[in-house]
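Asker: Sequence:
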Amino acid sequence: MEARRPEGIDLAARSRARRRALQALYAWQIGGNTMTAIIDEFRHEQDMEIADLEYFEDLLRGVERHCAELDEGLRPFLDRDMPQVDPIERAVLRLAAYELKHRLDVPYRVVLNEAIETTKRFGSEHGHTYVNGVLDKLAAQWREVEYRGGGR
Numbered sequence: 037m038e039a040r041r042p043e044g045i046d047l048a049a050r051s052r053a054r055r056r057a058l059q060a061l062y063a064w065q066i067g068g069n070t071m072t073a074i075i076d077e078f079r080h081e082q083d084m085e086i087a088d089l090e091y092f093e094d095l096l097r098g099v100e101r102h103c104a105e106l107d108e109g110l111r112p113f114l115d116r117d118m119p120q121v122d123p124i125e126r127a128v129l130r131l132a133a134y135e136l137k138h139r140l141d142v143p144y145r146v147v148l149n150e151a152i153e154t155t156k157r158f159g160s161e162h163g164h165t166y167v168n169g170v171l172d173k174l175a176a177q178w179r180e181v182e183y184r185g186g187g188r
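With the numbering used here as the guide, the letters of the sequence shown map in order to residues 37 to 188.
Incorrect hints may appear among the rest.
Straight-line C-alpha distance at most 27 Å; calculated DSS-like pairs for lysine-lysine [unchecked claim]: (1) K137 with K173; (2) K156 with K173; (3) K137 with K156.
No lab work stands behind these hints, which were simulated from the structure alone. Here the structure is a predicted model, which means the values were calculated and not measured.
Please take these sequences and the hints and turn them into a complete structure.
Answerer: Quick look at the structure:
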């Protein structure tokens with residue numbers, strides 16, 4: 037079965053937006069700058085021209101706005117407190133949790149796959165395994181009907 041591309045959505049640009057959002061969220065978590073300052077800084081970088089800027093901003097503003105809710109949803113599936121989670125893995129988990137909860141237009145399998153791939157690229161050696169385990173349990177809870185149906 038061939039994956040369907042939603043009308044008018046550049047999936048590669050969305051993927052790039054997620055990768056850049058991960059880097060921006062990492063900077064926000066570590067540096068303490070405002071999200072607005074982080075977004076402005078990243079918006080002016082050369083490779084942002086080929087990313088989905090609207091999606092990039094939605095991810096970052098969404099994580100900022102719903103951070104406590106996302107962390108609370110993730111908490112039962114973590115083996116440590118959120119501040120003890122590796123900063124890259126923490127950023128990936130928050131981004132993916134935001135998409136699972138607030139971007140129902142994105143299939144949960146896409147959310148998980150993108151999270152795993154970005155963790156493989158930027159995270160620790162086995163970080164993607166941890167992220168996969170946590171997000172699989174979260175998807176089963178937050179996207180129960182889609183999860184049971186096998187996703188699309």
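Asker: Could you run down the list of hints and mark each one as holding or not?
Answerer: Going down the list of hints, with the structure as the test:
Between K137 and K173, the direct Cα distance comes to roughly 13 Å. Compliance with the 27 Å bound is thereby established for this hinted pair. Between K156 and K173, the direct Cα distance comes to roughly 19 Å. Compliance with the 27 Å bound is thereby established for this hinted pair. Proximity of K137 to K156 is assessed by CA-CA distance (about 23 Å); at most 27 Å being required, the pair is judged to hold.
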